[in-house]
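There are 2 protein chains.
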Amino acid sequence: MLTPKLQTLHRTVNRLFRRNAVQPLTNLLQKSHVADLGFLLPHFSETEQLGLVAHLKDEERRAQVLAEADKDVASRLLGVMPPEQAVELLQHMEPDDASDLLQLMDEEAAESLLQLMREGRDVVEELSQYDQETAGGIMSPRFFSLLGDTTAGEAIEELQRVHDDLEMVFYVYVVSELEQLLGVLSLRQLVTTKRDTKLIDLMTSDVVSVTPDVDQEEVAKIASRYGLLAVPVVDEANKLIGIITVDDVIDVLREEATEDILRMAGAGDDLAESDGLFRSMALRARWLFVVALGGAACAALLATYAVRIDAFIPVVFLVPLVLGLSGMIGLQGTTVVMQRLLQGRLGLKLASHVLRQGVAGMLLGVVFGLICAFLYWIWIANSGTPGSLDPLVASAALGLAVCGAMAISAMIGAVLPIVFSRVGIDPALSAGPLGTIVVDLLAMLAFLAIGSFWL
Amino acid sequence: MLTPKLQTLHRTVNRLFRRNAVQPLTNLLQKSHVADLGFLLPHFSETEQLGLVAHLKDEERRAQVLAEADKDVASRLLGVMPPEQAVELLQHMEPDDASDLLQLMDEEAAESLLQLMREGRDVVEELSQYDQETAGGIMSPRFFSLLGDTTAGEAIEELQRVHDDLEMVFYVYVVSELEQLLGVLSLRQLVTTKRDTKLIDLMTSDVVSVTPDVDQEEVAKIASRYGLLAVPVVDEANKLIGIITVDDVIDVLREEATEDILRMAGAGDDLAESDGLFRSMALRARWLFVVALGGAACAALLATYAVRIDAFIPVVFLVPLVLGLSGMIGLQGTTVVMQRLLQGRLGLKLASHVLRQGVAGMLLGVVFGLICAFLYWIWIANSGTPGSLDPLVASAALGLAVCGAMAISAMIGAVLPIVFSRVGIDPALSAGPLGTIVVDLLAMLAFLAIGSFWL
Numbered sequence: 018m019l020t021p022k023l024q025t026l027h028r029t030v031n032r033l034f035r036r037n038a039v040q041p042l043t044n045l046l047q048k049s050h051v052a053d054l055g056f057l058l059p060h061f062s063e064t065e066q067l068g069l070v071a072h073l074k075d076e077e078r079r080a081q082v083l084a085e086a087d088k089d090v091a092s093r094l095l096g097v098m099p100p101e102q103a104v105e106l107l108q109h110m111e112p113d114d115a116s117d118l119l120q121l122m123d124e125e126a127a128e129s130l131l132q133l134m135r136e137g138r139d140v141v142e143e144l145s146q147y148d149q150e151t152a153g154g155i156m157s158p159r160f161f162s163l164l165g166d167t168t169a170g171e172a173i174e175e176l177q178r179v180h181d182d183l184e185m186v187f188y189v190y191v192v193s194e195l196e197q198l199l200g201v202l203s204l205r206q207l208v209t210t211k212r213d214t215k216l217i218d219l220m221t222s223d224v225v226s227v228t229p230d231v232d233q234e235e236v237a238k239i240a241s242r243y244g245l246l247a248v249p250v251v252d253e254a255n256k257l258i259g260i261i262t263v264d265d266v267i268d269v270l271r272e273e274a275t276e277d278i279l280r281m282a283g284a285g286d287d288l289a290e291s292d293g294l295f296r297s298m299a300l301r302a303r304w305l306f307v308v309a310l311g312g313a314a315c316a317a318l319l320a321t322y323a324v325r326i327d328a329f330i331p332v333v334f335l336v337p338l339v340l341g342l343s344g345m346i347g348l349q350g351t352t353v354v355m356q357r358l359l360q361g362r363l364g365l366k367l368a369s370h371v372l373r374q375g376v377a378g379m380l381l382g383v384v385f386g387l388i389c390a391f392l393y394w395i396w397i398a399n400s401g402t403p404g405s406l407d408p409l410v411a412s413a414a415l416g417l418a419v420c421g422a423m424a425i426s427a428m429i430g431a432v433l434p435i436v437f438s439r440v441g442i443d444p445a446l447s448a449g450p451l452g453t454i455v456v457d458l459l460a461m462l463a464f465l466a467i468g469s470f471w472l
Numbered sequence: 018m019l020t021p022k023l024q025t026l027h028r029t030v031n032r033l034f035r036r037n038a039v040q041p042l043t044n045l046l047q048k049s050h051v052a053d054l055g056f057l058l059p060h061f062s063e064t065e066q067l068g069l070v071a072h073l074k075d076e077e078r079r080a081q082v083l084a085e086a087d088k089d090v091a092s093r094l095l096g097v098m099p100p101e102q103a104v105e106l107l108q109h110m111e112p113d114d115a116s117d118l119l120q121l122m123d124e125e126a127a128e129s130l131l132q133l134m135r136e137g138r139d140v141v142e143e144l145s146q147y148d149q150e151t152a153g154g155i156m157s158p159r160f161f162s163l164l165g166d167t168t169a170g171e172a173i174e175e176l177q178r179v180h181d182d183l184e185m186v187f188y189v190y191v192v193s194e195l196e197q198l199l200g201v202l203s204l205r206q207l208v209t210t211k212r213d214t215k216l217i218d219l220m221t222s223d224v225v226s227v228t229p230d231v232d233q234e235e236v237a238k239i240a241s242r243y244g245l246l247a248v249p250v251v252d253e254a255n256k257l258i259g260i261i262t263v264d265d266v267i268d269v270l271r272e273e274a275t276e277d278i279l280r281m282a283g284a285g286d287d288l289a290e291s292d293g294l295f296r297s298m299a300l301r302a303r304w305l306f307v308v309a310l311g312g313a314a315c316a317a318l319l320a321t322y323a324v325r326i327d328a329f330i331p332v333v334f335l336v337p338l339v340l341g342l343s344g345m346i347g348l349q350g351t352t353v354v355m356q357r358l359l360q361g362r363l364g365l366k367l368a369s370h371v372l373r374q375g376v377a378g379m380l381l382g383v384v385f386g387l388i389c390a391f392l393y394w395i396w397i398a399n400s401g402t403p404g405s406l407d408p409l410v411a412s413a414a415l416g417l418a419v420c421g422a423m424a425i426s427a428m429i430g431a432v433l434p435i436v437f438s439r440v441g442i443d444p445a446l447s448a449g450p451l452g453t454i455v456v457d458l459l460a461m462l463a464f465l466a467i468g469s470f471w472l
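Quick note, the sequences are listed as chains A and B, same order.
The first sequence stops at residue 472 when you use my numbering, and every number in between is there.
The second sequence stops at residue 472 when you use my numbering, and every number in between is there.
A couple of the hints might just be wrong.
Treat identical chains as interchangeable: a pair holds within one or across any two.
To be verified - Pairs of lysine-lysine, DSSO-like flavour, derived with a Cα cap of 30 Å:
1. K211 - K22
2. K238 - K88
3. K22 - K74
4. K22 - K215
5. K48 - K88
6. K238 - K215
7. K256 - K74
The hints are simulated quantities; they were obtained by calculation from the structure and are not laboratory data.
Based on the sequences and whatever the hints tell you, model everything.
Following this line, the structure appears as structure tokens:
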């Protein structure tokens, strides 16, 4: 899934590596965007990755490429390069990136690298105390804050003085002598006002801020709802301790979308390879076990009804078909309602949405019930009537059973996310294995009950 | 899923409405953030929605709340309010928001509102010509551009002159006399340089830009990869025609995540209600039909093998169990590989990933095969041996069949997204109904083949 531009870059770098053409390689790497190089890094072998990093112009650029690369790959590279070099790179990174990479390395290696760090060690250590998925874990401790009685002119001079480390300056935070957050103003406000205006008269004091323990998903929601380019993080005493910039917010949104999809498949919620084969197997086994229980319940249901139904054998062959149709229509209702719920878009019309799903399920149930009845009728007409039943009655019973199972599934599927969120289970799980089993069992029960009643 | 703060706001507004307390309501609405009001809007009934909008201070604020609200709700409100009022609101909105809302209304109503617009009509009409899901559909035609020989000082003065319409100014775009995009500089660069520096000497000429036909997902990827706060849009002649700001990028990312999840459930890719019950039914019926075909194939498979297997009845009861386990493990492999593929994170290790999924599937297959064999053994030991088989042999055969079906499913599941993307099908579909059926059928085949070979 590389863009043509990245494919060309990848091929060219590969070719220059093979030819050992140092100068052209250095030139090419110098001309390329660090984001592109970081993105491509995992597409090379480890030796090539080390070579690529070594051919970059300076520590600054090396650190940038590593910070842009996949975190698993970057932390592994830091582990295999000479410690002095790894430390040099960590010191040139944003502290939050450095802290993330160190947390992915094994503890001993991370500790020894930390010991070697001459500058920024305190900051990195402070950051590592926060959970990686909270505001504290993704914030950067580098922000631009000034006292309230600073004038706009002084602020601009100050901005000229601070070196380029603060690359993402959009807002100026106004703080008290105790570094408590008082207000905020945009760079644009600063520029377009008179030079002797005091910041305190210019700022908005209605600042949206978060504490470091707030979940990163919540931070992303706040930033996106209020259209903020950076969310300030304050401690209990309202002291400004960091900011979360919009690029981190975007990363969070991408991560969370992946998490939701993996959760739906009962495949854990993390793509990290460092977790190891057995941990990921254990995560999956949990859900497979739930599925197995559901399957065993289905088998018991089938065995119970088997005694009663005369024409059972051909009906039992249709079980995968019925489960497939009900599962699908249930999942469709679940995902639609779940997504609306997660976006807070259900509002007043909760009941109407669920009803809508039920109606759609019933109508589709009629369509597919007819199709199934027709196919079944052809089948038994050809292979002989099962038991002593009239083929038409048997087909009609089957069609009705399919229709009933689908209608029930659609309704249950639509209600599930709401029930899940009311009892405090993550609604994303309703579209996952747990929801599937509930729908499957109820559909099976409806199918067998309706079918055996008629036959 | 409302935050406590929003819940309180919702309740208070409701209470003030019931009491018809106009002044307190107006005060409360004035104090609240437009983003909060917009978010809450769909949670009120239509009459209340109209009342809420009417109680807002001015047109500016009304337009902002409507622009922040759910697009379906906002466009419906515009349709029910008096046309003069709707036009007034549209004129106070960002042109891209106005264009979006008009596109959601029915064509006649939208056309008559457009005719009534005195200002901004050209811009809105121009924007409506682009597909809503492309760069042209989400761009804003309001940006800050200046000629290259402008000095930094003049640029700052110009910035003070332009009124507040350009709320999201982060970059100054440098253009030629023909409005062609030459380069870009940040507001910070502008502020921290000498006032007589010319923009052309200050700008970066290596600008990432897109054409209006680029897919919005691609725009979001570019913005997030290069950490851009705004992506400029240029036409074929490199003339700057709009910018896409980071808040729109965030909206796109959220939309696309929803789309992927809905697609996985074969539920279309849109939550829009305006699509109507029948259109959404038709979308779903397509996938249900595919599922039905798969189910019919399963039934045929079962019927074919039924003749051969002596102990068939109890084995057939286990079909839902086997399908559940194989489907789950296949989906787990599919989603993991699919997500890595979509993130471009597969790199060199394609084969190793697929292999890993296969190994995990085999090992989990052994575990669950043993569990199934054990349960089956208890069952037939209690209810009598089926046919003339030794219970131990029958159980072992079943366990082996489960293990084989799961191993095959895990492998196929992991390969599917890669095959799909190679033949040009959206890999997200591999985790959807299409992938499920392929996995189900192959698992069924493996299960029956292994089972019947032994029995």
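Now for the hints, and whether the structure bears them out:
no.	hint	in the structure
1	K211 - K22	neither (46 Å within a copy, 37 Å between copies)
2	K238 - K88	both (24 Å within a copy, 18 Å between copies)
3	K22 - K74	within (22 Å within a copy, 51 Å between copies)
4	K22 - K215	neither (48 Å within a copy, 32 Å between copies)
5	K48 - K88	within (23 Å within a copy, 43 Å between copies)
6	K238 - K215	neither (32 Å within a copy, 40 Å between copies)
7	K256 - K74	neither (39 Å within a copy, 35 Å between copies)
Violated hints, in rising order: 1, 4, 6, 7; the structure is consistent with all others.
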